[in-house]
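Take these sequences, add in the hints, and give me the full structure.
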Amino acid sequence: DTAVSQTPKYLVTQMGNDKSIKCEQNLGHDTMYWYKQDSKKFLKIMFSYNNKELIINETVPNRFSPKSPDKAHLNLHINSLELGDSAVYFCASSQEAEVPYNEQFFGPGTRLTVL
Amino acid sequence: AQSVTQLGSHVSVSEGALVLLRCNYSSSVPPYLFWYVQYPNQGLQLLLKYTSAATLVKGINGFEAEFKKSETSFHLTKPSAHMRDAAEYFCAVIQAHGGSNYKLTFGKGTLLTVNP
Chain A
1 DTAVSQTPKY
11 LVTQMGNDKS
21 IKCEQNLGHD
31 TMYWYKQDSK
41 KFLKIMFSYN
51 NKELIINETV
61 PNRFSPKSPD
71 KAHLNLHINS
81 LELGDSAVYF
91 CASSQEAEVP
101 YNEQFFGPGT
111 RLTVL
Chain E
116 AQSVTQLGSH
126 VSVSEGALVL
136 LRCNYSSSVP
146 PYLFWYVQYP
156 NQGLQLLLKY
166 TSAATLVKGI
176 NGFEAEFKKS
186 ETSFHLTKPS
196 AHMRDAAEYF
206 CAVIQAHGGS
216 NYKLTFGKGT
226 LLTVNP
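So the sequences go chain by chain: A and E.
Sequential numbering from 1 applies to the first sequence in the numbering used here.
Sequential numbering from 116 applies to the second sequence in the numbering used here.
The set of hints was computed from the structure by calculation and includes no laboratory data.
Mixed in with the good hints, there may be bad ones.
[What the hints assert, rightly or not] Chain A side only, calculated, beta carbon under 7 angstroms to chain E, not exhaustive: (1) K41; (2) F42; (3) M46; (4) L54; (5) I55; (6) I56; (7) P61; (8) F64; (9) Y101; (10) E103; (11) F106; (12) G107; (13) P108; (14) G109.
Glycine residues also receive a C-beta, built at the ideal position from the N, C-alpha and C atoms.
Right, dumping it as structure tokens:
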């Protein structure tokens with residue numbers, strides 16, 4: 001069984017469109033994350049949710065809006081897509097955000113290409 | 116603020132040779148440090164982590180890392196490289212983010228290639 005899954009795996013779209021990426025984890029974790037990995041493989045956190053509550057927002061443009069309908073899901077909606085949004089987006093989850101050394105489990109990634 | 120620096124964006128070794136991937140940290144408090152591996156077209160997987168219990172940390176797939184406070188380093192090693200070790204390796208440090216929340220801050224990654 002896949003622990004952290006993301007859909008779609010690939011997303012190709014035009015500038016200006018709105019798109020969503022979905023993430024689900026079946027690990028029973030309390031905390032979920034979105035990361036962006038750019039073309040140089042640099043990985044940076046975007047958002048973190050704990051029990052459906054936003055706890056980290058790393059100065060991401062407000063075109064990006066995460067939504068957590070329940071503890072097992074964290075979706076990412078992006079409005080008015082720009083060329084610079086092209087990247088691989090990773091979802092991750094962990095137990096207990098308050099414990100700093102808990103392992104984060106990553107999904108397989110969604111490669112977004114904006115044309 | 117805590118950060119990590121990975122020295123060398125690309126390391127190439129022969130199969131069977133020693134693997135050494137370098138990571139130095141900057142932290143005003145005792146850090147929690149991690150090494151993650153990313154195989155091609157996959158997500159990240161934890162190799163090992165340092166939580167101050169022991170300075171020599173053993174991880175999966177034969178990797179280990181030693182925390183050296185005097186050198187502010189947490190280098191990753193493996194005695195004998197295998198073709199399947201070819202991947203991108205990320206060093207990361209936990210950083211406090213207000214109250215009791217924490218976030219992972221990653222280094223820029225080191226691509227390991229293994230030559231037959």
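Verification of the hints:
1. Evaluation of the K41/A hint against chain E yields a held restraint, the C-beta minimum of about 5 angstroms falling below 7 angstroms.
2. The beta carbon of F42/A is positioned within 7 angstroms of a beta carbon in chain E (closest approach about 6 angstroms), and the interface hint is therefore held.
3. Below 7 angstroms, beta-carbon pairs count as interface contacts, and M46/A has none with chain E, the closest being about 10 angstroms; its hint is therefore violated.
4. The beta carbon of L54/A is not positioned within 7 angstroms of any beta carbon in chain E (closest approach about 11 angstroms), and the interface hint is therefore violated.
5. This hint holds: I55/A has a C-beta 5 angstroms from the nearest C-beta of chain E, less than the 7 angstroms allowed.
6. The closest approach between the C-beta of I56/A and any C-beta of chain E is roughly 5 angstroms, which is under the 7 angstroms cut-off, so the hint is satisfied.
7. Annotation: interface hint on P61/A violated; nearest CB of chain E at approximately 18 angstroms, more than 7 angstroms.
8. Hint status for F64/A relative to chain E: violated, with the closest Cβ pair at about 16 angstroms, above 7 angstroms.
9. The interface hint given for Y101/A is met, as the beta carbon of that residue sits about 4 angstroms from the closest beta carbon of chain E, less than 7 angstroms.
10. For E103/A, the suggested interface contact is upheld, since its CB lies about 5 angstroms from the closest CB of chain E, less than 7 angstroms.
11. Interface hint at F106/A: satisfied, since its Cβ lies 3 angstroms from the closest Cβ of chain E, which is below the 7 angstroms cut-off.
12. For G107/A, the shortest C-beta to C-beta distance to chain E is roughly 5 angstroms, which falls under 7 angstroms, so the interface hint holds.
13. Hint status for P108/A relative to chain E: holds, with the closest Cβ pair at about 5 angstroms, below 7 angstroms.
14. Hint on G109/A holds. Least Cβ distance to chain E is approximately 6 angstroms, under the 7 angstroms limit.
The structure fails to meet hints 3, 4, 7 and 8 from the earlier list, while all remaining hints are met.
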